[in-house]
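Chemist: Knowing the structure of chain A, use the given hints to seat chain B on it.
2 protein chains.
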Amino acid sequence: MPRFFVSEEVLNGKFAVLTGPSAAHIKVLRLKRGDEVTLCTGDGSEHRCVISDLSPEQVSLVVQKTVASVSEPKLSCTLYVAFLKADKLEHVLQKATELGAARVVVFLSSRCVSRPDEASLRKKLERWRKIAAAAAEQSGRGRIPQVDVAANYDDAIRQAAQAELPLFLYENEDRLSLRSAVEASTPTSVSVVTGPEGGFSAEEVAAAQHAGLRICSLGPRILRCETAPLCALSALMYATGALDPV
Amino acid sequence: MPRFFVSEEVLNGKFAVLTGPSAAHIKVLRLKRGDEVTLCTGDGSEHRCVISDLSPEQVSLVVQKTVASVSEPKLSCTLYVAFLKADKLEHVLQKATELGAARVVVFLSSRCVSRPDEASLRKKLERWRKIAAAAAEQSGRGRIPQVDVAANYDDAIRQAAQAELPLFLYENEDRLSLRSAVEASTPTSVSVVTGPEGGFSAEEVAAAQHAGLRICSLGPRILRCETAPLCALSALMYATGALDPV
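Top to bottom, those sequences are chains A and B. Note that this note's numbering numbers the first sequence so that position 203 is 203, with each residue one more than the last. Note that this note's numbering numbers the second sequence so that position 99 is 99, with each residue one more than the last.
Chain A on its own, in the form it takes in the complex:
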């Protein structure tokens, strides 16, 4: 069934009216009166609708039922990703959305190669949110992951520390595995903090540990900065059943 992300305003009780790009898209797909479509408002619920009327300007629908999206993982996983080169960060945002991240928070750390000012970060944030929205629609998510920028490194780790299982991935850690951290706690919320191209400084690792984050390994191979968060996310989704069919 075709799925469209729409704003809350198009829904009015049992009825919905689409105009603009979604209406145009329905016509491109040659859908007609009586055909079923799913409208998602990005809040984790899905509205199963039937097309009741198509006019040149708009498409009218009747809501048959509203259900919780089956494609949302039970685990709420927030990735805290250091600011990376543009194409890598956009890649992480797109893939993290497909893989089921609940939220992505971008932060600056001492070894980030490029250091945009606040105005430039705000502009990028708009673009990142569009990437997440597009990936959510394309992958059939019921919710668009929230994308935010942390005020600074301390703010990022302070936020990350609030998850039930707060993880900080560090290539020099040789004790705690992701597997033992997950299996010991069966968490419902996880945060995963990953560093930039040049890694974290020893001071940053110490600050994270002090803030309550659990320093964690991803094994003996050195993963690139854009690979580590997606590997951890895939593993977490696997471990908590979010890769199982529904």
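Wrong hints could be hidden among the right ones.
If chains are identical, the list can't say which one is meant, so a pair holds when it fits in one copy or spans any two.
[As the list claims (entries may be wrong)] Derived lysine-lysine pairs resembling DSBU-like cross-links, with alpha carbons at most 30 Å apart:
| no. | residue 1 | residue 2 |
| --- | --- | --- |
| 1 | LYS123 | LYS65 |
| 2 | LYS27 | LYS130 |
| 3 | LYS88 | LYS124 |
| 4 | LYS74 | LYS130 |
| 5 | LYS123 | LYS88 |
| 6 | LYS14 | LYS85 |
| 7 | LYS32 | LYS123 |
| 8 | LYS124 | LYS85 |
| 9 | LYS85 | LYS27 |
| 10 | LYS14 | LYS32 |
| 11 | LYS130 | LYS85 |
| 12 | LYS124 | LYS65 |
| 13 | LYS65 | LYS88 |
| 14 | LYS130 | LYS32 |
| 15 | LYS130 | LYS88 |
Everything labelled a hint here was simulated from the structure, so no lab data went into it.
Modeler: Using the frame of chain A, we list chain B on its own:
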């Protein structure tokens, strides 16, 4: 300790002599007599060496000990990846190497968008092997994943079916999960077959099933063709302990 992939010929019993790019690299790193380096021949073993002499032309080393690489996963996982657009396939090859794939086999299926001829594929294969070698060195692998091209679709699934756990990822599968497939068998060799941008045809799925592959889901979200193999590989490495520190 710095690591270099070298050909078998540089090793001669307890001694090794580097010339060319590896020797130049050692000089760039300002390594000197007495410093330790690891030489990998890509066969899964590592030679821990001490630099005994540096001349303008070459670097001489003494092998202190030869050990099995600690960074190689116990699970031997081969990805069978349909031919994708160039940048996506190269991305998969790089990431699959970082994540610990033992081998990547590229094949053509009915819905592959671009269909290179055999000469062009052979040329690409050279490039893919270079990407895998570079990623293996950068990520500290002890072995360079083998990269091959299957003669055709039937050859790919016939090869894939030989693994202990032969998996075929299909977005319309709604019964078998990766998790239950892995937990039921604790395999030492796995193959994972994934499709092109347009997915597999019903005939191809039937042929895979007939060949003995197990049709498997990656959950309710629709993963892109370059995301699915890396998600599955991350999950398999997690499940079999290859993301644990050593």
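Chemist: Indicate, hint by hint, whether the structure satisfies it.
Modeler: Do the hints match the structure? See the list:
In this assembly of identical chains, the alpha carbons of LYS123 and LYS65 never lie at most 30 Å apart, being 38 Å within a copy and 54 Å across copies at closest. For a Cα distance limit of 30 Å, the shortest separation of LYS27 from LYS130 inside one copy, 23 Å, qualifies, whereas the shortest one across copies, 46 Å, does not. In this assembly of identical chains, LYS88 and LYS124 lie within 30 Å of each other by CA distance both inside one copy and across copies; the values are 13 Å within and 24 Å between. Proximity of LYS74 and LYS130 under a CA criterion of 30 Å is satisfied intra-copy only: 24 Å inside one chain copy versus 40 Å between copies.
Taking the shortest alpha-carbon separations for LYS123 and LYS88, both the intra-copy value of 17 Å and the inter-copy value of 27 Å come in at or below 30 Å. Taking CA atoms no more than 30 Å apart as the test, LYS14 paired with LYS85 passes in neither setting, with 45 Å inside one copy and 43 Å between copies. Taking the shortest Cα distances, LYS32 and LYS123 never come within 30 Å of each other, neither inside one copy (39 Å) nor across copies (48 Å). Proximity of LYS124 and LYS85 under a CA criterion of 30 Å is satisfied in both settings, with 12 Å inside one chain copy and 27 Å between copies.
In this assembly of identical chains, LYS85 and LYS27 lie within 30 Å of each other by CA distance solely across copies; the values are 29 Å between and 38 Å within a copy. When the C-alpha separation of LYS14 and LYS32 is checked against a cutoff of 30 Å, the pair qualifies only within one copy, where the shortest distance is 19 Å, while the shortest distance between copies is 76 Å. Taking identical chains as interchangeable, the C-alpha atoms of LYS130 and LYS85 lie at most 30 Å apart whether they share a chain (18 Å) or sit on different chains (24 Å). Taking the shortest Cα distances, LYS124 and LYS65 never come within 30 Å of each other, neither inside one copy (37 Å) nor across copies (50 Å).
Neither within a single protomer nor between protomers do LYS65 and LYS88 lie at most 30 Å apart by alpha-carbon distance, with minima of 39 Å and 39 Å respectively. For the homomeric pair LYS130 and LYS32, the shortest alpha-carbon distance inside one copy (29 Å) is at most 30 Å, but the shortest distance between copies (51 Å) is not. Both within a single protomer and between protomers do LYS130 and LYS88 lie at most 30 Å apart by alpha-carbon distance, with minima of 16 Å and 21 Å respectively.
The structure fails hints 1, 6, 7, 12, 13 (numbered hints given earlier, in ascending order).
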